[in-house]
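When you get a sec, could you build the whole thing from the sequences and use the hints?
Next come the chains, spelled out residue by residue.
Protein chains: 2
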Amino acid sequence: MSEPAPTIDVVLSPPEIDLLPKRDLSGCTAVAFDILRATSTMITALANGAEGIWPVRSIEEAWALKKTLPGALLGGERHGERIEGFDLGNSPLEYGENVWGREIISTTTNGTLALRAVEHAGSVLAGSLLNIGALATHLRAEPARELLLVCAGTFREAALEDILAAGMLISLLPGRPLTDGAELALALYQQEKHDLAAALHRARNGRALRAKGREQEVEWCARASVMDLVAEMSREGCVRRAVPA
Amino acid sequence: MSEPAPTIDVVLSPPEIDLLPKRDLSGCTAVAFDILRATSTMITALANGAEGIWPVRSIEEAWALKKTLPGALLGGERHGERIEGFDLGNSPLEYGENVWGREIISTTTNGTLALRAVEHAGSVLAGSLLNIGALATHLRAEPARELLLVCAGTFREAALEDILAAGMLISLLPGRPLTDGAELALALYQQEKHDLAAALHRARNGRALRAKGREQEVEWCARASVMDLVAEMSREGCVRRAVPA
Numbered sequence: 000m001s002e003p004a005p006t007i008d009v010v011l012s013p014p015e016i017d018l019l020p021k022r023d024l025s026g027c028t029a030v031a032f033d034i035l036r037a038t039s040t041m042i043t044a045l046a047n048g049a050e051g052i053w054p055v056r057s058i059e060e061a062w063a064l065k066k067t068l069p070g071a072l073l074g075g076e077r078h079g080e081r082i083e084g085f086d087l088g089n090s091p092l093e094y095g096e097n098v099w100g101r102e103i104i105s106t107t108t109n110g111t112l113a114l115r116a117v118e119h120a121g122s123v124l125a126g127s128l129l130n131i132g133a134l135a136t137h138l139r140a141e142p143a144r145e146l147l148l149v150c151a152g153t154f155r156e157a158a159l160e161d162i163l164a165a166g167m168l169i170s171l172l173p174g175r176p177l178t179d180g181a182e183l184a185l186a187l188y189q190q191e192k193h194d195l196a197a198a199l200h201r202a203r204n205g206r207a208l209r210a211k212g213r214e215q216e217v218e219w220c221a222r223a224s225v226m227d228l229v230a231e232m233s234r235e236g237c238v239r240r241a242v243p244a
Numbered sequence: 000m001s002e003p004a005p006t007i008d009v010v011l012s013p014p015e016i017d018l019l020p021k022r023d024l025s026g027c028t029a030v031a032f033d034i035l036r037a038t039s040t041m042i043t044a045l046a047n048g049a050e051g052i053w054p055v056r057s058i059e060e061a062w063a064l065k066k067t068l069p070g071a072l073l074g075g076e077r078h079g080e081r082i083e084g085f086d087l088g089n090s091p092l093e094y095g096e097n098v099w100g101r102e103i104i105s106t107t108t109n110g111t112l113a114l115r116a117v118e119h120a121g122s123v124l125a126g127s128l129l130n131i132g133a134l135a136t137h138l139r140a141e142p143a144r145e146l147l148l149v150c151a152g153t154f155r156e157a158a159l160e161d162i163l164a165a166g167m168l169i170s171l172l173p174g175r176p177l178t179d180g181a182e183l184a185l186a187l188y189q190q191e192k193h194d195l196a197a198a199l200h201r202a203r204n205g206r207a208l209r210a211k212g213r214e215q216e217v218e219w220c221a222r223a224s225v226m227d228l229v230a231e232m233s234r235e236g237c238v239r240r241a242v243p244a
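For the record, the sequence lines run as chains A and B.
Take the first sequence: its letter number 39 is residue 38 in numbering that gives the first Met the number 0, and every next letter is one higher.
Take the second sequence: its letter number 116 is residue 115 in numbering that gives the first Met the number 0, and every next letter is one higher.
If you are wondering where the hints come from, they were derived from the structure by calculation, not from laboratory data.
Predicted model only: the values in this text are computed from it and were never measured.
The beta carbon of each residue, even a glycine, is placed where N, CA and C say it ideally should be.
Certain hints may be false.
Said to hold, decoys possible - Chain B residues, not near chain A, derived (Cβ > 12 Å throughout):
1) T67
2) G70
3) L87
4) G88
5) A133
6) A140
7) L171
8) E214
9) D227
10) R239
11) A241
As the list claims (entries may be wrong) - Taking beta-carbon pairs under 10 Å as the criterion, some of the chain A residues facing chain B (in silico):
12) D8
13) P13
14) I16
15) L18
16) R155
17) A157
18) A158
19) I162
20) L163
21) T178
22) G180
23) A184
24) E191
25) A198
Next comes the structure, spelled out in structure tokens:
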């Protein structure tokens, strides 16, 4: 008899993320999604040749790590804006040829917390729409294990675009048992798949970015499967391009 | 200038419900959904002439209240089964003509907790698919205020059927601003509206009830707008038929 396919679960919002550090995730692959914009920015940076991104929780932690890694760029945001004294904000459009060969120390609110909350998982990936096809290929090739999709959210609430991305990944991995959270994400994707950008613009974060004249960043992050790489967080906490399986 | 329409928000899962007691809900109408089965059972009991349902958190609390209300029936479940010494379980099919004119003290896991978590709201309603049309009519008639739809979930996780019911209610109240959680619920409903029963059977609770030979209860709870009443929790904590607005 063959083993049953391992389940896909989705963590919908920050209050659910708070419970993850106490959960045994050793047999699990975790994928964190912070589509607008932290994980989309990480994928963009890696696609543009960055060596790795160190997501850290606080501005103080970022400056402290900078002492150990003096060549690293400092990036991130608070309330959506670049942090004083930092080299870069949190827009993927800032992470172009300037990041080639560089390490980046990054602190954002929800994306960093989501990645850190699953750092004890068997494998920790940063996901986005930009690389979702490559992510699905990677997951199909790895030994079958439980998949936990972590939607970073906004402040303490669920973010539509993160759940949409989780749903799209689920649609690319058919045949696996789904929890109710995963069924919900898949239904959202099925409902919105004909126009992902429209869904992102309608979401709270999309509206907030539009109000700041940052529509182009929403458009950037809404493009599915345009970057062919997978981003994995190492035990030391650095998100790097994963070696193809 | 007219006021903007008040927002609809959806609380997706128990870890989010845990945050509600500290949130100011005084200007808010809260609707709790525990479709399989607690709130569906309450609506069925009221439709069959029960005077009121007292949702309490523990078995001990149920016995203590029974001393004050010796004529009340004891109902509820633990792990889906009737509690020892209680008159009734948590199946809506048990709440027929036998509940006419009676008060019921009820303890279930998630449904009770959801109702109690919003007891400080301006108005607290118990919702189900069974009475969802009446619920929408009631909400359209009341003075416009924020609407908080609370999905009771299962153990510590989101339950598909609760979010589906929230989504259906949202579809019946068009034109209001939606949070991302509310957009998600509405998308689920749009995706599943052609066969609500199929969605309930596919959900974790639906599968668990089927495994126990309780498919009929799932079918019962999946019927939309068959009971024309609204259930409101009083300040003392009793869920009664609301006086039509």
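Status of the hints after comparison with the structure:
1. T67: Nearest chain A Cβ is 35 Å from T67 (chain B), so the label holds.
2. G70: With a cut-off of 12 Å, G70 (chain B) remains clear of chain A, as the shortest Cβ separation is near 38 Å.
3. L87: holds, 27 Å
4. G88: Non-interface label stands for G88 (chain B): nearest chain A Cβ at 23 Å, farther than 12 Å.
5. A133: Given that every Cβ of chain A is farther than 12 Å from that of A133 (chain B), nearest at about 26 Å, it holds.
6. A140: holds, 29 Å
7. L171: Non-interface label on L171 (chain B) holds, nearest chain A Cβ at 18 Å vs cutoff 12 Å.
8. E214: holds, 18 Å
9. D227: holds, 29 Å
10. R239: At roughly 31 Å from the nearest Cβ of chain A, R239 (chain B) sits farther out than 12 Å, so the non-interface label holds.
11. A241: Holds, because the least Cβ-Cβ distance between A241 (chain B) and chain A comes to about 29 Å, which exceeds 12 Å.
12. D8: Since chain B brings a Cβ to about 9 Å from D8 (chain A), closer than 10 Å, the hint holds.
13. P13: Cβ of P13 (chain A) sits 9 Å from chain B, so the hint holds.
14. I16: holds, 9 Å
15. L18: holds, 6 Å
16. R155: With Cβ-Cβ at 7 Å, under 10 Å, it holds.
17. A157: holds, 5 Å
18. A158: Given a least distance of 6 Å, the restraint on A158 (chain A) holds.
19. I162: holds, 6 Å
20. L163: This interface hint holds because 9 Å falls under the 10 Å limit.
21. T178: At 7 Å from the nearest chain B Cβ, T178 (chain A) passes the 10 Å test, so the hint holds.
22. G180: holds, 5 Å
23. A184: At about 9 Å, which falls below the 10 Å cut-off, the nearest Cβ of chain B leaves the hint on A184 (chain A) intact, so it holds.
24. E191: holds, 7 Å
25. A198: holds, 8 Å
Consistency note: the structure conflicts with none of the earlier hints.
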